Each structure stands twice: as structure tokens, then as C-alpha cells.
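One line per chain: the protein sequences are P and V, in this order. The first sequence begins at 1 in our numbering and counts up by one. The second sequence begins at 1 in our numbering and counts up by one.
I should point out that these hints are in silico values taken from the structure, not numbers from a laboratory.
Estimated spans, in silico, between C-beta atoms of each pair:
#1 V:178 x P:88: 51 to 57 Å
#2 P:92 x V:1: 45 to 51 Å
#3 P:35 x V:108: 35 to 41 Å
#4 P:80 x V:109: 58 to 64 Å
#5 V:169 x P:58: 57 to 63 Å
#6 P:62 x V:4: 16 to 22 Å
#7 P:92 x V:112: 52 to 58 Å
#8 P:58 x V:35: 25 to 31 Å
#9 V:179 x P:58: 55 to 61 Å
#10 P:97 x V:106: 52 to 58 Å
#11 V:117 x P:64: 56 to 62 Å
#12 V:174 x P:92: 41 to 47 Å
#13 V:42 x P:88: 42 to 48 Å
#14 V:45 x P:97: 43 to 49 Å
Bear in mind that the values here come from a model prediction, so they are computed numbers and not experimental data. All C-beta atoms, glycine included, are put in the ideal place defined by N, C-alpha and C.
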Amino acid sequence: MADRSAATLPRKERLILELLASEGPMYGLQLVERSDGALKRGTVYVTLGRMEAKGLVESQQEAVPHGGIGLPRRIYRPTALGERMLRAWTVFARELAWGR
Amino acid sequence: MPGTTLLRIARLLFNEHLLSVVVEPTIADLQREVADAGSDGRKRLRARWRGYCAFWTLTLVAPFASWASPVSAAGAVAFPGALARLAVSSMAIALLAVIGPVAAAWIGAVAAVGALFAIGIHTWYDRHPSDIPVPAEPQRSSPQINFSSTEIAGNVGGLIFSVGSVFIVAVGLPSTIWFLFAATIAGCFLAWALAAWHRIQPTYGLPENRITLR
Chain P
1 MADRSAATLP RKERLILELL ASEGPMYGLQ LVERSDGALK RGTVYVTLGR MEAKGLVESQ
61 QEAVPHGGIG LPRRIYRPTA LGERMLRAWT VFARELAWGR
Chain V
1 MPGTTLLRIA RLLFNEHLLS VVVEPTIADL QREVADAGSD GRKRLRARWR GYCAFWTLTL
61 VAPFASWASP VSAAGAVAFP GALARLAVSS MAIALLAVIG PVAAAWIGAV AAVGALFAIG
121 IHTWYDRHPS DIPVPAEPQR SSPQINFSST EIAGNVGGLI FSVGSVFIVA VGLPSTIWFL
181 FAATIAGCFL AWALAAWHRI QPTYGLPENR ITLR
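Just chain V, same shape as in the assembly (with noise of 0.2 Å):
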């Protein structure tokens, strides 16, 4: 019979009002469909897909609805630690179908090596500590990462800095491509008329705002 894990793994988690007033009927729901599904294979498999998507969304919804009740007066939870597991694996779980198998292993073997790598720098900094210089006076500013105050010569170097740094924001926010697309021609425009500028007043303006070519 569909549902009696279900009801197995609900019974650890649930008090007897919630089980018979919400979990009860949503599993009697699946068995029902399943019932009428008959012998065909495909119907059968939607309606336990459902059942059991509805099984679980209700487990993760349930224990913040039940507010509104009488029943979280009298302990809707059986067990809150095995609901916050249930509800971390549940959200593994949801991650896994939303984002592919393939994906959510490539992110799971990322956020492991980066755990272990992380374990690793910590356990090397708690064996070899080192002074961390402390600036003289506390820092002002807030922290940010500004384009402009990165320096960045006038050659192949620079050119693949700026290529790459236009194309990563390209790439993180799509929807700036057409302005960044008429900022590069209307930059170009603009270095071409300051190099041409230049070339007619070399001695004009401060010495490092002049283009240096290498």
C-alpha cells in the first residue's frame, strides 16, 4: 500500500491532531489516486509522484502553519530535531530535482573540496600564526570593489583586463549587454578623441593622466 512509509516517518514527526487533521488525508489522497489509477503503469507513478511531492511539501509547511491552531499550543511537533533534519534533507532533496543530478554533483563535489580546503587553511593558520598587521588608524571607508582605482597599463595586458572584467558582468547581469555594448563604442570614441588630444598637447594636464603606450 502506498504511503504506509509515509505515514511510518509522519507518526515520528507529527502529534496525533496534526497526523489525523492534515498528513492522514493527504496519504488516504495518494492511496485514493493510486487506487484509481488502476493497472495503467504511467497513471499510477503521476499519482504517487504527486502524493508524494504533497507529502513532503506539507512536512516542511506544516510546523509554520500550524500557528494559527490550537494545536501548536499542544506541541504540533513530536520532535523537532528529526523535523529540522527532515526538513534539511527535504531541501537536498528539492535542490537535487530542481537543479539535475549533474549539477547538484558538480556543486557537491565544489562544496566539499571547498570545505576541505577551508579545513585545511585553518588547521595550517592554527599551526603556523602569524601577525596580522593592524592598520594605525581604523578604516573609514567601507570595503567595495571600485574598477577605477585599479590600475591597469596601456597594453595587451590592460586590453584582456578590461575585456575580461566587461565580460564578466556581461555574463553575471545579461541584461546590461546592449549597455555595455554602447559604453565599449562610445569608450572607444572617447579614447580615440583623447589620444588625438594628447598627441596635439603633450604637455597638457598631470603626468599620470597622460596615455602611456608600452
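So that you can see chain P by itself, here it is in the shape it has in the complex (with noise of 0.2 Å):
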């Protein structure tokens, strides 16, 4: 069952949604260089995990090549859910804007 925390999309949240509905699946580290400084090392998998509870987004460990050596990363994609959730806060936002 999705969290009822999914009905809020925070600001950041909605930059990694933005981001990853633009430019395709990412690693953190790469949602961390295109944000211009939105996004931080520290905290972009907290935020990410926390989309990731809330459904928004899912990731998958890349695969390590033969004879690779260090941990493997994590690549995230927006879900159905996520990319319904980004497209209905754009009309909000839009509707705000317009009706001011």
C-alpha cells in the first residue's frame, strides 16, 4: 500500500522526478552533478530511499563486470507512479501560476 506521504512531493523530490523523467535512468552521483548544487552527496540517497518507500521511484544494482573491484551502484527510474505524480504537480503548479 503506498504511503499517504506520497501525496506531498517535496522540492527535491520533484527535481530527482524531473530529472529522471528528462534524462533517463541515473546513478545518484549523476542526480548530484545535474542538479547544479540542488542535490548533495550526503543526503540524495536518503531522499531517494525515501522516494523509493513512497513508490516513486525504483532502482536496481548495476552489474558488477568480471573482475570489477568496489561496491556496486544503484541506478534509479522513475515508477508509473512517480512520473503520474510529477505530471500532476506540473498541471498544479501551472494552475497556480495561472490563476494569480
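Dock chain to chain to rebuild the complex, using the hints, since each chain is given by itself in its own frame.
Printed below as a string of C-alpha cells:
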């Protein structure tokens, strides 16, 4: 069952969804680099973890090549719910701007 | 391999879910960046520094931010006591990094001496208990620092006190420096006018309001 907090979309979560929707699946570090300082390395995975719990994004561990060393990274992509949420918020923001 | 020790520390602190969702990707980024830096020492150092900063930041942030996920229900923090100690140590390290080693050493020395002094005073009062006079009526006024109630003689000592007080306020609140400067000039004019007026009318006013030159 989806979390009730999924009904809100904080600024950072919206930015992540926008980046993932416009540029395709990305690693956390790529999101940090593309965000022009809006996302930080120390907190991006906390935000992504929360979004995953809400059902807005899904992640998958990259395949480690044979003989590769180090931990595998996680690649993130928006879920159908995440894409719907982003569209809804975009419409909502546009409606608010129109109403001014 | 960079990050191995960090991962070992994280395994003591966080559960499997938080490790796989938050900690391991952060360490994986550190390892990938260090690997991408190649043999360039400066780039490798920079990658390590950024990765370590990210790790310690998430160590401080993760326990507070995990409330929104089911992780909190499952007990995201494996060992809360260790986490609290780690948080305090991280804050101390961050303080060191922000204010620099010299200032940090100075603050540490002052804090240590202050603590020793406090322990000494406490011990002395335990061994030499004294009766503290209790006021007959409970004090109704709130404690405050009121410069206007401080008695100052019209001599060099009074001048030093006044100048020193203004200097302390100016150092503590630099934005008020022009106000203090203007107030000093205005005060000098007011004092000159009052002195001239009292010279003309020496018997007027309450005795305590008379300016006494010693």
C-alpha cells in the first residue's frame, strides 16, 4: 500500500523526478552533478530511499563486470506513480500560476 | 580499496536495508570517483575528501530522515548508543574542520580548564558548605544587566568603565558601531550642556543628579 506521504511532493523529490523523467535512468552521483548544487552527495540517497519507499522511483544494482572491484552502484528510474505524480504537480503548479 | 573501513563502521550502525539503500551507494560513488581519478593524486584526494564528507553527512542525517520510510519501523539504527557517540564525534570533527586546529585547540584548552575549575569550586563548596542568605521576600524583578543602575564616579575610572563598556558592545555587535559613535558625540554635547547648566544653577535639582568632579 502506498504511503500517505506520497500525496506530497517536496522540492528535492520533484527535482529528482524531473531529472529522471527528462534524462532517463541515472545514478545518485549523476543526479547530484545534474542538479547544479540543489542535491547533495550526503543526502541524495536518503531522499532517494524515501522516494523509493513512497513508490515514486525504483532502483536496481548495476551489474559488476567480471573482475570488477568495489561496491555496485544503484541506478534509479521513475515508476509509473512517480511519473503521474510529476505530471499532476506540473499541472497543479501551472494552474496556481494561472490563477494569480 | 577506499571506503572499506567506512563500510565496516556503517555495518555496526545501520541495518541491512539502510546499508543497501543509502550507505553502499554512497560508498560505491566514492570508490568509482577514486577509480576514475586514475593516477592523478590531486583528483584522487579530492574524490576521497568528497566521499568521506558525504559518508559522515549521511551518518548524521540518515537516522533523522528515515522516519518517512518503513525502515524506521524495522529499526534503521542497529546500535543507537554507538550512533550517538559517533554523532558527537562527527560534530567535534566538523567543528575542528570549520574553525581550524589552532582555534579548536584553544577552545578545547579553555573548556578543559573551565571544567577543572568548575569541579574544583564544586569540591571546595562540598567540603566547606556555607549558608546562602535567602532574601526575605521573593524577588519579583527578572535578572538583568542594567548599565544605568551602575554607579560611576566622574573620574578617570568612570571614563575607563564607560569607554570599555562601549568597546565591548561595539565588538559584540559590530553593526551598532555607527550608532555608538553618533551616541558618543551626542552624549558629549549633552554632558557639556548639562555641566554648563549646572554651573549656572548650582543649587537646582536633586543632590544625586549633580555632577561631582573629583
